[in-house]
Amino acid sequence: MKSPKETQGKAPTGIAGFDEITNGGLPQGRATLLVGGPGSGKTIFGVQFLKHGAEVCQQPGIFVAFEESPKRLIENFKSFGWNLADLQATKVYFLDAQPMPDMIHVGAFDLSGLLAVLSAKIKQMGAVRIVFDALDNILAMLPDETARRLEMNRLHLWLLDHQMTALITAKEGGNDTSSAGQPFGFMQFMVDCSVVLNHRVDLGVSQRNIRVEKYRGSGFNEDESPFVIGKNGFDVAMARSLGRDDASVTNERVSSGVKRLDTMLGGGYFRGASVLITGFPGTAKTTLSGAFAEACCKRGERTMFVSFDSDGSEVVRNLTSVGIRLARFVDSGCLRMVSARTFTGSAETLLVHIRTIAEEHRALCVVVDPVSALAKVGNELTAHAVVERLIDWSKGAGITVVCTSLLDEISSEAHNRTPLQISTIADTWIHLNYLVQAGERNRGMSIVKSRGTEHSNQVRELILSKEGVTLADIFTAGGEVLMGTLRWEKESAERVASEVAEVSAKLKRVSLDAQEAELEVRSKSLKTELLAKRTEKELLARATESRKRELSGVRARMRELRGADAAQPAKAAKSKKRAKS
Amino acid sequence: MTHSDTFTFRLYVADETSNSAQAIANLRAICNRYLPGRHNIELVNVFKEPDRAMEDRIFMTPTLVKLAPCPVERIVGTLSQTNLVLQVLGLEELAA
Numbered sequence: 001m002k003s004p005k006e007t008q009g010k011a012p013t014g015i016a017g018f019d020e021i022t023n024g025g026l027p028q029g030r031a032t033l034l035v036g037g038p039g040s041g042k043t044i045f046g047v048q049f050l051k052h053g054a055e056v057c058q059q060p061g062i063f064v065a066f067e068e069s070p071k072r073l074i075e076n077f078k079s080f081g082w083n084l085a086d087l088q089a090t091k092v093y094f095l096d097a098q099p100m101p102d103m104i105h106v107g108a109f110d111l112s113g114l115l116a117v118l119s120a121k122i123k124q125m126g127a128v129r130i131v132f133d134a135l136d137n138i139l140a141m142l143p144d145e146t147a148r149r150l151e152m153n154r155l156h157l158w159l160l161d162h163q164m165t166a167l168i169t170a171k172e173g174g175n176d177t178s179s180a181g182q183p184f185g186f187m188q189f190m191v192d193c194s195v196v197l198n199h200r201v202d203l204g205v206s207q208r209n210i211r212v213e214k215y216r217g218s219g220f221n222e223d224e225s226p227f228v229i230g231k232n233g234f235d236v237a238m239a240r241s242l243g244r245d246d247a248s249v250t251n252e253r254v255s256s257g258v259k260r261l262d263t264m265l266g267g268g269y270f271r272g273a274s275v276l277i278t279g280f281p282g283t284a285k286t287t288l289s290g291a292f293a294e295a296c297c298k299r300g301e302r303t304m305f306v307s308f309d310s311d312g313s314e315v316v317r318n319l320t321s322v323g324i325r326l327a328r329f330v331d332s333g334c335l336r337m338v339s340a341r342t343f344t345g346s347a348e349t350l351l352v353h354i355r356t357i358a359e360e361h362r363a364l365c366v367v368v369d370p371v372s373a374l375a376k377v378g379n380e381l382t383a384h385a386v387v388e389r390l391i392d393w394s395k396g397a398g399i400t401v402v403c404t405s406l407l408d409e410i411s412s413e414a415h416n417r418t419p420l421q422i423s424t425i426a427d428t429w430i431h432l433n434y435l436v437q438a439g440e441r442n443r444g445m446s447i448v449k450s451r452g453t454e455h456s457n458q459v460r461e462l463i464l465s466k467e468g469v470t471l472a473d474i475f476t477a478g479g480e481v482l483m484g485t486l487r488w489e490k491e492s493a494e495r496v497a498s499e500v501a502e503v504s505a506k507l508k509r510v511s512l513d514a515q516e517a518e519l520e521v522r523s524k525s526l527k528t529e530l531l532a533k534r535t536e537k538e539l540l541a542r543a544t545e546s547r548k549r550e551l552s553g554v555r556a557r558m559r560e561l562r563g564a565d566a567a568q569p570a571k572a573a574k575s576k577k578r579a580k581s
Numbered sequence: 001m002t003h004s005d006t007f008t009f010r011l012y013v014a015d016e017t018s019n020s021a022q023a024i025a026n027l028r029a030i031c032n033r034y035l036p037g038r039h040n041i042e043l044v045n046v047f048k049e050p051d052r053a054m055e056d057r058i059f060m061t062p063t064l065v066k067l068a069p070c071p072v073e074r075i076v077g078t079l080s081q082t083n084l085v086l087q088v089l090g091l092e093e094l095a096a
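Chains as they are written, first to last, in the numbering used here: chain A, 1 to 581; chain E, 1 to 96.
Heads up, some of the hints might be wrong.
As the list claims (entries may be wrong) - Computed list of lysine-lysine pairs in PhoX-like fashion (alpha-carbon distance at most 25 Å, straight line):
id, chain 1, residue 1, chain 2, residue 2
1, A, Lys123, E, Lys66
2, A, Lys171, A, Lys231
3, A, Lys259, A, Lys71
4, A, Lys123, A, Lys298
5, A, Lys123, A, Lys71
6, A, Lys259, E, Lys48
Said to hold, decoys possible - A few chain E residues facing chain A, derived, Cβ under 8 Å:
id, residue
7, Asn19
8, Asn40
9, Leu43
10, Met54
11, Phe59
12, Val65
13, Cys70
14, Arg74
15, Ile75
16, Val76
17, Leu79
18, Ser80
19, Leu89
20, Glu93
Claimed, not checked - In silico negatives: residues of chain A with every beta carbon more than 12 Å from chain E:
id, residue
21, Gln98
22, Ser112
23, Arg149
24, Ser218
25, Thr250
26, Ser546
Note that these hints are calculated values from the structure, not bench results. Every residue, glycine too, gets a C-beta built ideally from N, C-alpha and C.
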């Protein structure tokens, strides 16, 4: 959509969002008409356009003030932190062109004088941009429609002649949404671009919108876009256009602040992810997000905690009771607590506030507690889009954001959905629930979804103690989930059972030891006996042998003595003996 | 104010635009008729001397400034209604 060729002919306004809508800004060297009711921000738009031109684009500009004195303008814009007096010297010239009150009109007149003065000034300072603020003011002094037309035409030709990038602001009349058919409707056809600002009040909440009505020779976003006039001037809310890149996606994990939850998520949240924690009142949503904030600060990452429910210091105090100590990080400046309870205005305004503070604080992690507060009375229609943009913005900036969201206990139990239906765009959704059982209310926590990470399907019991937040396994018995005291009972029963088993095992081992010892002793005595028997047997054999030897010796001796044949009788004696054994 | 006062006028014009030309003619006619011999007219062309126009904050042309006698008065336009001009100049009694 955005081609470099197209951008060449654009003069960026420096207004966040507006340059996106128009693919680059106002038409360079052409005239733009800006129409809006009183207090719709026309002058701010004009001044911001010139300021950006002077400071960023090296394009000096002239501001022609028909309605307010330059002195007052400069004074007023100090509240935005804009030091126009500095610029005034060389870059932006404020021309006081208010009609003098004591001026008397006799007959027809024209604006040649003004244009002559401006021509000289343009030449002198090399101005490229020009703003005619409240041109209708001076046109009203002209006697009739013909004269007005004539002067507008004169202005038109003059602008063309000077190739100025011009912004003409005018008050609207009657019709809210269109600038045609107004006293100066003719101007519509003279300019190349026309922008309408409108400001209405829905249920007591102010909603501002900007819409580009026409833009010759360029594509533009035709829808009404909400905007706010914030601390730094104009800010047009804008879902980023297609094709714009997010901050680079990483696989880096950031701790949730609860060890077991990290494990359940396979290591923690993804850096830059959006996390949604839903639950009924009192299910420890704030505590869980507080744990996240503490973990971020411990890593030394700049963190912002936006609290809609209670005061920032109250949150810090309350979290101390569950072992989450944030005060030290607030003191060191690492953590910024923002009490948004006092914020008033549209959801749009709140988002801009949040964004501005986060950018000021250079926050890497943001907690919004609860994000459902954006849908307060009068904002139901816009809140959804605002939350989407909050997540979109944080993604673009690589900020890890944890949002809590209140569920209405009655209406949403069955549907299990968040009122803002942001559950679909959040990356990780943790749901906290109560389980009422055996006269107790216990907190259960489960991960409904977590994109791109393995995550546990288990429901865990969330336990808050002085030491901090922990998760406990829950017992399922007979298809029922046990928590709190029941879980404790079950746990202690298991503990007793295992103790008994251990003791009896010990007993058994002792008795076996005894038996073993006894057997060993017995086997030893038997061995000794065996040895004795063997010795005895040997002795017996030896004794027999020697007697035999003795005997045969005697016989041989006798034969010798008798003097007969020697060998034969000995052999016979031997075989006789074998037969015997 | 007496009738002997000399009137000093400065008329800012824009080149030869019709409004400016008419204003010059009308002013001259008024002066010649009602202030013969006691008026000075200075013509300033804003296109030639824009700095002077800026200084005097002249944005609409033609503009007549009566510098003397006091008080200073400014009249914007072609000066086509003579009676009205005389009134502003403090010359009501001369009006026909």
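Structure-based check of all given hints:
Of the supplied pair hints, the one linking Lys123 of chain A and Lys66 of chain E is violated, its CA atoms being roughly 30 Å apart against a limit of 25 Å. In summary, the hint linking Lys171 of chain A to Lys231 of chain A is supported, as the alpha carbons are separated by about 24 Å, within the 25 Å threshold. Between Lys259 of chain A and Lys71 of chain A, the direct Cα distance comes to roughly 60 Å. Violation of the 25 Å bound is thereby established for this hinted pair. Between the alpha carbons of Lys123 of chain A and Lys298 of chain A the distance comes to roughly 59 Å, so the proposed pair goes past 25 Å and is violated.
This hinted pair checks out: Lys123 of chain A and Lys71 of chain A have alpha carbons roughly 24 Å apart, not beyond 25 Å. At roughly 80 Å between alpha-carbon atoms, Lys259 of chain A and Lys48 of chain E are farther apart than 25 Å, so this suggested pair is violated. Against a cut-off of 8 Å between C-beta atoms, the interface hint on Asn19 of chain E holds, since the closest Cβ of chain A lies about 5 Å away. For Asn40 of chain E, the suggested interface contact is broken, since its CB lies about 20 Å from the closest CB of chain A, more than 8 Å.
Interface restraint check: Leu43 of chain E against chain A, minimum CB-CB distance 13 Å, threshold 8 Å, status violated. Against a cut-off of 8 Å between C-beta atoms, the interface hint on Met54 of chain E holds, since the closest Cβ of chain A lies about 5 Å away. For Phe59 of chain E, the interface hint holds, the least distance from its beta-carbon to any beta-carbon of chain A being 4 Å, beneath 8 Å. Taking 8 Å as the C-beta cut-off, the interface hint given for Val65 of chain E is violated, the closest approach to chain A being about 10 Å.
With its C-beta approaching chain A no nearer than about 14 Å, Cys70 of chain E sits outside the 8 Å limit, and its interface hint is violated. Hint on Arg74 of chain E holds. Least Cβ distance to chain A is approximately 5 Å, under the 8 Å limit. With a cut of 8 Å, the hint placing Ile75 of chain E at the interface with chain A holds, because the nearest CB-to-CB distance is about 5 Å. Interface restraint check for Val76 of chain E: the shortest CB-CB distance to chain A comes to about 5 Å, inside 8 Å, so the restraint holds.
Among the interface hints, the one on Leu79 of chain E holds; its C-beta lies about 5 Å from the nearest C-beta in chain A, closer than the 8 Å criterion. Contact between Ser80 of chain E and chain A, as hinted, is supported at the beta carbon level, the nearest pair being about 4 Å apart and thus within 8 Å. With 8 Å as the threshold, the beta carbon of Leu89 of chain E stays out of range of chain A, its nearest partner Cβ sitting at about 10 Å, so the hint is violated. Using the Cβ-Cβ criterion of 8 Å, the hint placing Glu93 of chain E at the interface with chain A is not satisfied: the shortest such distance is roughly 19 Å.
Not every Cβ of chain E is farther than 12 Å from the Cβ of Gln98 of chain A; the closest lies at roughly 9 Å, contradicting the non-interface assignment. Not every beta carbon of chain E lies more than 12 Å from that of Ser112 of chain A, the smallest distance being close to 3 Å; the non-interface claim is violated. Non-interface status of Arg149 of chain A relative to chain E is upheld: no Cβ of that chain comes within 12 Å, the nearest being about 15 Å off. Once the 12 Å rule is applied to beta carbons, Ser218 of chain A is consistent with being away from chain E; the minimum gap is 33 Å.
The Cβ of Thr250 of chain A lies farther than 12 Å from every Cβ of chain E, with a closest approach of about 59 Å, so its non-interface assignment holds. Every CB of chain E is more than 12 Å from the CB of Ser546 of chain A (nearest about 156 Å), matching its label as outside the interface.
Violated hints for the displayed structure, listed by number in ascending order: 1, 3, 4, 6, 8, 9, 12, 13, 19, 20, 21, 22.
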